[in-house]
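Residues per chain are reported as follows:
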Amino acid sequence: MTASGAVHPAAPSRREPEAPDGELARSFVTAARLGYLMEANWTDPLLFFIYSVAKPVAAALILVVMLQVVGGSATATYRSFVVIGTAFWALVQIGITGLAFAILDDRERYRMLKYVYVSPSDFLVVLLGRGTARLLIGVTGAVITMAIGIVALGVPFDPGRIDWLMLAVTAVGGLVVTLALGLLMGSICLQTRQESWSYPEAFAGALFLVSGAVFPLSILPAPIQAVGLANPLAWWIDGARRAFDAAAPSSIGGQGSLFTTLTGQVTPDNGLVLLSLIVTGAVVTLAAAAIFRYSSRRAKERGLLDRTTGS
Amino acid sequence: MATRLDLVGRSGNSPRQAASWTRRQALLTNLRAVRGRAYPRYIGLFREKSWVFFEILLPFLSTSAFVFVYRALRAPEAYVGFVVVGGAMTAFWINVIWMMANQLYWEKSQGNLELYFAAPMHFMSILFGMALGGMVMSSTRALAILVISTAVFGVSFAVEQWLLVFLVFVMTLAALYGVGMVLASLFLVWGREAWHLGQLLVEPVYFVSGLNFPVARLGLLGALSVGFIPLATGLDAMRQLVFSGAPFPIGTPPPLVELGILVILAVVATAIARWMLAAMERRARVEGRLTVRWQ
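Just so you know, the protein sequences line up as chains A and B, in that order.
Residue 134 in the numbering used here sits at position 134 of the first sequence; the count goes up by one each step and never skips.
Position in the second sequence (first residue = 1) + 311 = the numbering used here.
Keep in mind that the hints were calculated from the coordinates and are not lab data.
All values reported here derive from a predicted model rather than from experimental measurement.
The beta carbon of each residue, even a glycine, is placed where N, CA and C say it ideally should be.
Treat the hints with caution; some may be incorrect.
What the hints assert, rightly or not - Partial list, derived from the structure: chain A residues whose beta carbon lies under 8 Å from chain B: (1) A59; (2) R109; (3) M112; (4) A202; (5) G205; (6) F215; (7) P221; (8) I224.
As the list claims (entries may be wrong) - Listed below are several chain A residues computed to face chain B (Cβ distance under 7 Å; list not exhaustive): (9) A54; (10) L61; (11) M66; (12) V69; (13) I188; (14) S198; (15) L209; (16) V214.
Please build the complete structure, drawing on both the sequences and the hints.
This is the structure we're talking about:
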């Protein structure tokens with residue numbers, strides 16, 4: 001009785017003086033900082049910078065040389081298409097894999113996931129913080145890829161012609177969707193064993209085919225184009241690409257595309273792109289949140305949070 | 312006790328005598344170590360079926376993406392074949408990076424590395440075992456990617472010199488895994504950077520190796536790649552051999568010369584790996600890094 005009396009007064013006083021919002025923000029910032037430190041504290045900033053940008057830049061260069069190999073009139077048109085798409089895709093890939101890898105790292109390698117879970121911080125907020133840190137590293141890679149594209153690969157850049165509002169709105173929507181997809185993969189990895197390391201990349205690879213990042217969806221069979229139209233990343237990349245370079249071909253529409261068949265329009269206008277991004281993005285985000293809640297509860301019930309499988 | 316010693320091929324009544332091995336005993340022990348380290352790799356082919364799925368799916372997806380890029384550009388169909396061959400070869404490079412180069416770092420994190428060093432065999436046996444098992448494992452992946460992609464995208468091959476294709480393929484693997492052994496010894500001391508170094512060695516190497524296009528298109532950079540990167544040399548030679556008559560840019564040596572380059576690369580890489588392993592092990596011992604996990 002005495003012991004319980006000693007504990008109970010302390011428990012509410014720990015949370016009540018501070019607003020929950022402040023605590024959430026603090027957890028988020030701490031998790032994001034931890035995520036960055038785990039990624040980067042072993043090396044000097046220059047080396048880390050090189051590691052972060054080498055992958056997307058090399059991926060863009062592969063595609064640019066492929067365009068040169070083929071030659072012809074399509075080359076110039078598609079150059080900015082593939083460079084911008086590759087830059088954005090690097091961001092998506094690191095966002096999707098980052099959050100899932102945070103769970104796997106903490107559970108399988110450092111074996112800290114159970115301690116994170118029982119800490120006073122909200123588990124979801126901590127994971128989002130970790131994922132955001134990796135996403136910001138991806139933003140750096142994307143920006144540098146774009147800069148190299150503008151300086152060396154012939155991507156047109158005229159600040160006066162960029163639709164900044166469209167770019168900003170699609171960027172926010174795209175980043176939220178990317179984190180939601182990362183959360184979805186994290187939920188799955190919470191349930192699975194060590195082979196889960198491959199899942200996020202496989203998922204990102206599958207999405208790559210239906211996102212119109214480096215080729216228009218119209219090249220795909222109609223049923224797969226339909227999957228692409230339901231993919232918020234496809235709307236984000238198309239909207240952001242055309243906000244940046246209005247002359248770039250649409251990855252959604254085009255002659256013979258499913259979009260054109262369904263709507264009668266050759267390319268979607270900005271309003272339709274935003275509406276589609278918001279609708280598909282909201283569905284994905286809500287689904288990811290619900291699946292994460294379910295997965296988190298199930299992991300706790302079945303003792304999966306401290307299970308290690310020898311990876 | 313005497314029976315146990317006999318079973319492992321040792322003789323003598325004292326520890327000193329038992330420790331004095333003949334060449335044959337040492338060789339047999341090293342061969343057993345090669346087999347033992349290769350075993351988890353080829354048995355893993357059947358044990359973890361999800362790995363089979365994902366290791367085939369991932370390269371197939373990226374191969375498909377590049378095929379669609381060429382199709383969107385209405386490129387000649389021969390280029391689709393180039394992409395498919397390149398996609399199949401990625402299975403080997405991914406294996407070299409993640410299951411050779413990074414392996415010793417992971418072994419250290421799991422606490423196996425000190426056991427390897429304490430065991431009575433040459434450490435090169437471990438690397439050879441990893442390489443041998445990796446080759447078998449990746450060959451099945453590469454074959455699956457090749458067959459699936461060929462069927463899905465309708466690639467047609469035109470091979471005139473089967474023996475040369477076989478020799479080029481074998482020597483490409485020997486050179487690739489030789490490079491993998493060199494990287495493994497380097498990663499032994501690079502610690503936590505290993506994962507990022509692995510990332511750094513994937514897409515950039517794909518680019519300079521001409522994974523999806525003829526490497527000759529890269530000019531001087533392509534020539535240097537053919538001279539020093541086995542993936543580039545092997546890919547270029549195989550493309551010349553399996554797509555006889557395809558429009559191929561001039562600028563790289565004929566397949567026979569590239570086979571010679573691969574032989575040299577394989578021998579040099581293995582020798583360097585042996586030397587570096589000893590040097591890196593010494594350095595890691597001095598700096599106390601062999602048993603420090605996650606650093």
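A quick look at each hint next to the structure:
no.	hint	verdict
1	A59	5 Å, holds
2	R109	7 Å, holds
3	M112	11 Å, violated
4	A202	5 Å, holds
5	G205	4 Å, holds
6	F215	4 Å, holds
7	P221	11 Å, violated
8	I224	10 Å, violated
9	A54	5 Å, holds
10	L61	5 Å, holds
11	M66	5 Å, holds
12	V69	5 Å, holds
13	I188	12 Å, violated
14	S198	4 Å, holds
15	L209	6 Å, holds
16	V214	6 Å, holds
Hint compliance for this structure: hints 3, 7, 8, 13 are broken, all remaining hints hold.
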